[in-house]
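Student: For the protein sequence lines, the chains are A and B, in the order given. In case it helps, this note's numbering puts the first sequence at residues 1 to 113. In case it helps, this note's numbering puts the second sequence at residues 1 to 110.
There could be a bad hint or two in this list.
As the list claims (entries may be wrong) - In silico negatives: residues of chain B with every beta carbon more than 12 Å from chain A:
hint: 1; residue: E2
hint: 2; residue: V4
hint: 3; residue: A19
hint: 4; residue: K22
hint: 5; residue: Q38
hint: 6; residue: K42
hint: 7; residue: D49
hint: 8; residue: G55
hint: 9; residue: R61
hint: 10; residue: A63
hint: 11; residue: T69
hint: 12; residue: A70
hint: 13; residue: H76
hint: 14; residue: E93
hint: 15; residue: A97
What the hints assert, rightly or not - Each pair of labels, with its calculated beta carbon distance range:
hint: 16; chain 1: A; residue 1: D62; chain 2: B; residue 2: E39; range: 38 to 44 Å
hint: 17; chain 1: A; residue 1: K70; chain 2: B; residue 2: L40; range: 46 to 52 Å
hint: 18; chain 1: B; residue 1: H72; chain 2: A; residue 2: S65; range: 32 to 38 Å
hint: 19; chain 1: A; residue 1: E79; chain 2: B; residue 2: S105; range: 33 to 39 Å
No lab work stands behind these hints, which were simulated from the structure alone. Positions of the beta carbon are idealized from the N, C-alpha and C atoms, including for glycine.
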Amino acid sequence: DAGITQSPRHKVTETGTPVTLRCHQTENHRYMYWYRQDPGHGLRLIHYSYGVKDTDKGEVSDGYSVSRSKTEDFLLTLESATSSQTSVYFCAIRNTGGYSPLHFGNGTRLTVT
Amino acid sequence: GENVEQHPSTLSVQEGDSAVIKCTYSDSASNYFPWYKQELGKGPQLIIDIRSNVGEKKDQRIAVTLNKTAKHFSLHITETQPEDSAVYFCAAESGYALNFGKGTSLLVTP
C-alpha cells in the first residue's frame, strides 16, 4: 500500500472526547491528504498538506484540524468528537501536485457513540 | 468547486460481459482523471488514469475514454471476471486534490 500506515485501524470513542488519527508514510512524498468515506457520499476531502507545516482545508473540514511537523507524518484531530464523525478515514499521499494519482492507506474505522 | 457525478450506483453483469461506468465533471480546468477500485476493508487502488491530452487509454481488459468538450469520461471493463467485483470510483483533479464520484458497486456473477 505504497508505504502508508494508518493508526489505529479501529477506534470507538465517546461523544465529546478528542481523537487523533495518524498517517505515516515511508515514500517521502510531499503531498498528504485526509478523506472520509461514508455510504452514499463517496470520498470527501477533509484537509490536505503540501509540505511540512503547510496545510489547507477541504470540503468537509469543520470539526477537524491537522498537523504536519515532519514529512512522514500527517495527523488528523477531532477536537470534540460527534456522532456525525463516525466514518472510515483514509489517508493518501501523492508525489507531485498534479497529473499523478493519490495512493491510499487501508483506512481507520472510527465509531463515535 | 469541482462536482463529479457517477452512474450507475450499482451494476450487475454476468461473467464475460462488459461493464461501463460513466462520470461527468463540472470544472473545465480539470486535466487528470483516475479510476480506483476498492475491495472490502481496503483503501482505493488506482487501476487506470488518463490526462486531458489523451482521448482514450487501454490496459488489458480495462479502458478509459475522455470527452473534454462534453466533460465526461467512462471506464470500460471487458470480459469481466468474478474478481472484478468491487466498488469503483472515478475522480477529477481539482487544485492539488482529487474530487471523487460516489462510487459504483459492480457485481460479476458466474
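Student: So, for every hint listed, does it hold in this structure?
Tutor: Here is how each hint holds up against the structure:
1. Non-interface call for E2/B relative to chain A: violated, since the shortest CB-CB distance, roughly 10 Å, does not exceed 12 Å.
2. A cut-off of 12 Å between C-beta atoms contradicts the statement that V4/B is not in contact with chain A; the least separation is 8 Å.
3. Every beta carbon of chain A lies more than 12 Å from that of A19/B, the smallest distance being close to 19 Å; the non-interface claim holds.
4. Residue placement check: K22/B keeps its beta carbon more than 12 Å from all beta carbons of chain A (closest about 15 Å).
5. With a least CB separation of 9 Å from chain A, Q38/B falls inside the 12 Å interface cut-off, contrary to its annotation.
6. A beta-carbon of chain A is positioned within 12 Å of the beta-carbon of K42/B; the least distance is around 6 Å.
7. With a least CB separation of 6 Å from chain A, D49/B falls inside the 12 Å interface cut-off, contrary to its annotation.
8. Listed as outside the interface, G55/B is consistent with that label: its C-beta sits roughly 16 Å from the nearest C-beta of chain A, beyond the 12 Å cut-off.
9. Once the 12 Å rule is applied to beta carbons, R61/B is consistent with being away from chain A; the minimum gap is 19 Å.
10. At roughly 17 Å, the least C-beta separation between A63/B and chain A is larger than 12 Å, which holds for a residue marked as non-interface.
11. The Cβ of T69/B sits about 20 Å from the closest Cβ of chain A, beyond the 12 Å cut-off, so the non-interface label holds.
12. For A70/B, the non-interface assignment is confirmed: its Cβ lies about 21 Å from the closest Cβ of chain A, beyond the 12 Å cut-off.
13. Here H76/B stays apart from chain A, with its beta-carbon at least about 19 Å from theirs, past the 12 Å limit.
14. Not every beta carbon of chain A lies more than 12 Å from that of E93/B, the smallest distance being close to 6 Å; the non-interface claim is violated.
15. Remark: the non-interface label on A97/B conflicts with the geometry, its nearest Cβ contact in chain A lying 5 Å away (cut-off 12 Å).
16. A beta carbon spacing of about 30 Å between D62/A and E39/B contradicts the range 38 to 44 Å that was offered as a hint.
17. Under the hint 46 to 52 Å, the C-beta atoms of K70/A and L40/B, about 32 Å apart, miss the expected range.
18. Distance hint check: the CB atoms of H72/B and S65/A are about 36 Å apart, consistent with the given range 32 to 38 Å.
19. Separated by about 34 Å at the C-beta atoms, E79/A and S105/B satisfy the suggested range of 33 to 39 Å.
When the structure is compared with the earlier hints, violations turn up for hints 1, 2, 5, 6, 7, 14, 15, 16, 17 and for no others.
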